[in-house]
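Residues per chain are reported as follows:
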Amino acid sequence: MSELLHVSNVTAGYGDGPAILDGAELTVEPGKVHCIIGPNGAGKSTLLKAICGMLKVRKGDVLYRGESLKGLRPDQVLRKGICFVPQERALFPKMTVRENMRMGGFSLPDTSNLEKRIDEIEERFPILKERRDQHAGTMSGGQQQTLAMARTMILKPDIVMLDEPSLGLAPKIVQEMFDIMRMMAAEGITILLVEQNALMGLKNSDWGVVLDLGKTLFSGPAKDVLQDPRIQDLYLGGSKAA
Amino acid sequence: MADILQTLILGLALGGVFALMGSGLSLVFGVMRIVNLAHPVMIIAGAYVAYWGFKLYGIDPLVMLPVAIVILAVIGILLYKLVFEREARSAKYSEMTVLLTFAVAMIVEGALGGLFTNTQRVTSPAYATDAIFIGDVFIPTGQLYAGILSLVIIAGLALFLKYSRFGYAIRATTQNREAAELLGVNVSMVALVSFAIGIGLAGAAGSLVSFVFSFFPAKHWEWIAVLMSLVVLGGMGSLLGTVVASFLLSVIAAFVGTYIGATWSTMTFFLALFLILLVRPQGLFGEKPELA
Ligand SMILES: Nc1ncnc2c1ncn2[C@@H]1O[C@H](COP(=O)(O)OP(=O)(O)O)[C@@H](O)[C@H]1O
Ligand SMILES: [Mg+2]
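In order, the protein sequences belong to chains A and B.
The opening residue of the first sequence carries number 1 in full-length UniProt numbering; numbering runs sequentially from there.
The opening residue of the second sequence carries number 1 in full-length UniProt numbering; numbering runs sequentially from there.
Pulled out of the complex, with its shape left as it was, chain A reads as follows (with noise of 0.2 Å):
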């Protein structure tokens, strides 16, 4: 089994304070979709914040295509090809939408074919086009979502990390982001997506990862996650919810 990241007994906290992970597990393979499921508090968040470098592994390791990420800043993590959108998606609220997606490029070491990428994503997300020129700010949460979640596609990265794309959105939109990251994952962009809504999450990933206290409890292959008794009563409110 080839491996793209790996996260083995990570222990991490904010600051000085206490562990929040401690024994976190888990294993990226190229090009698949991963959910992270766990309740609230469990550390999901955290877990996203410390292989992308905002927060400073204690102890475990974590390895990209074998090489350690620990102790690089998160503009290093990104310059590796791995980026991170976080639950509060990132953006800048009085930038317009265009001016955003230049942030998005603002690691290229090379911006002369900025302008161009950036009209290649614009064609594939019409919704950005249209608002090219208007605050990001002023957008509703699926667009801002949307505007998060392409921009990343500026860097052509290996791996994106999504932090619940779906938190504070309607049932219908959404679902408009699940697919749009299934679209993402079907260019080879291996998605390591975070869900409160496990259910949602599972059904549109393919390995299905479970945390809770900080610890990775159980992983295997998204409709096997779906499955389990375990998980069926504690995160999916009981069996009849499959």
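Any given hint could turn out to be false.
[What the hints assert, rightly or not] Calculated lysine to aspartate or glutamate pairs in the EDC-like style (CA-CA distance at most 16 Å, straight line):
1. B/162 with A/133
2. B/162 with A/99
3. A/56 with A/16
4. A/129 with A/99
5. A/59 with A/3
6. A/215 with A/25
[As the list claims (entries may be wrong)] Restraint ranges, calculated between C-beta atoms of paired labels, are given here:
7. B/99 with A/76: 33 to 39 Å
8. A/73 with B/160: 45 to 51 Å
9. A/73 with B/134: 55 to 61 Å
10. B/189 with A/68: 22 to 28 Å
11. B/81 with A/130: 44 to 50 Å
12. A/168 with B/122: 56 to 62 Å
13. B/124 with A/14: 36 to 42 Å
14. B/82 with A/6: 40 to 46 Å
15. B/103 with A/186: 56 to 62 Å
16. B/103 with A/116: 49 to 55 Å
17. A/132 with B/60: 43 to 49 Å
18. A/56 with B/74: 31 to 37 Å
19. A/3 with B/81: 16 to 22 Å
[To be verified] On the chain A side, residues computed to face chain B include the following (Cβ under 7 Å):
20. 18
21. 72
22. 75
23. 81
24. 84
25. 92
26. 94
27. 103
28. 107
29. 125
Don't read these hints as lab results, they were simulated from the structure.
All C-beta atoms, glycine included, are put in the ideal place defined by N, C-alpha and C.
Based on these hints, arrange chain B with the ligands on the given structure of chain A.
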């Protein structure tokens, strides 16, 4: 009628200068979340650069302006490195910097007083006492030059922020620091450069102020409230807001000065600051303050 027009023109001319005085403060607040209480004393320092350039060598304050920018920007870099760089990583940063900038303001005031005494100074190039007449109204030439040049500098700053790569980085950091960092912006470098630009702008403002107002080291205390009212009304961190607020308050202060009395003119700014904080703390162009 001529009185009203005259008052309006005097208000507008000073509005430009106030806008430049406030713009550096606004920029530094936007990027670093520092309310730099030492900003006005830096303007005084810039005024002394222009004053001595003229007094000792007869150099026009408009020519001294770029010199003042460079000198003050360098002071800004040193100050950032010595005082703010360590603080920038601390969570209690905002509260700490209020005290720190207050201390810096006192120290610089003391140093300026020690070096140049507390005598009132004003740079006096020929145009400073000249005026242009259009019919019944007059425009003091010094104020006109200072106002126009202020707007030119602010326009340059706005273009830099809007179009340059570094301008994008500054705006991104102002609006969402964490997101900027995630996208590869070196936010410490942005903070350093913004601080240097902000203090450099104080130097520019100082050169112009030096022939518009008389000044002495302790004068900055009066300006703190004036500048605070401008950036608070404009919406902390919004450059456009600062400019609009400057013209608005400056014109109001001019009318208060003409029709109520000169001593009440400055009170306009203090009263405005008080009212804005009560009624609309986010200012004209600012975000609603987060209560979380
Ligand atoms: N910035 C922070 N500082 C301190 N503790 C935090 C911070 N963010 C989250 N936590 C704590 O970490 C734990 C896990 O949070 P998080 O990773 O956000 O959970 P999840 O994303 O799974 O809902 C929670 O107990 C939360 O209180
Ligand atoms: Mg979370």
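Violated constraints from the hint list, given by number and in increasing order: 5, 8, 13, 19, 20, 21, 23 and 29
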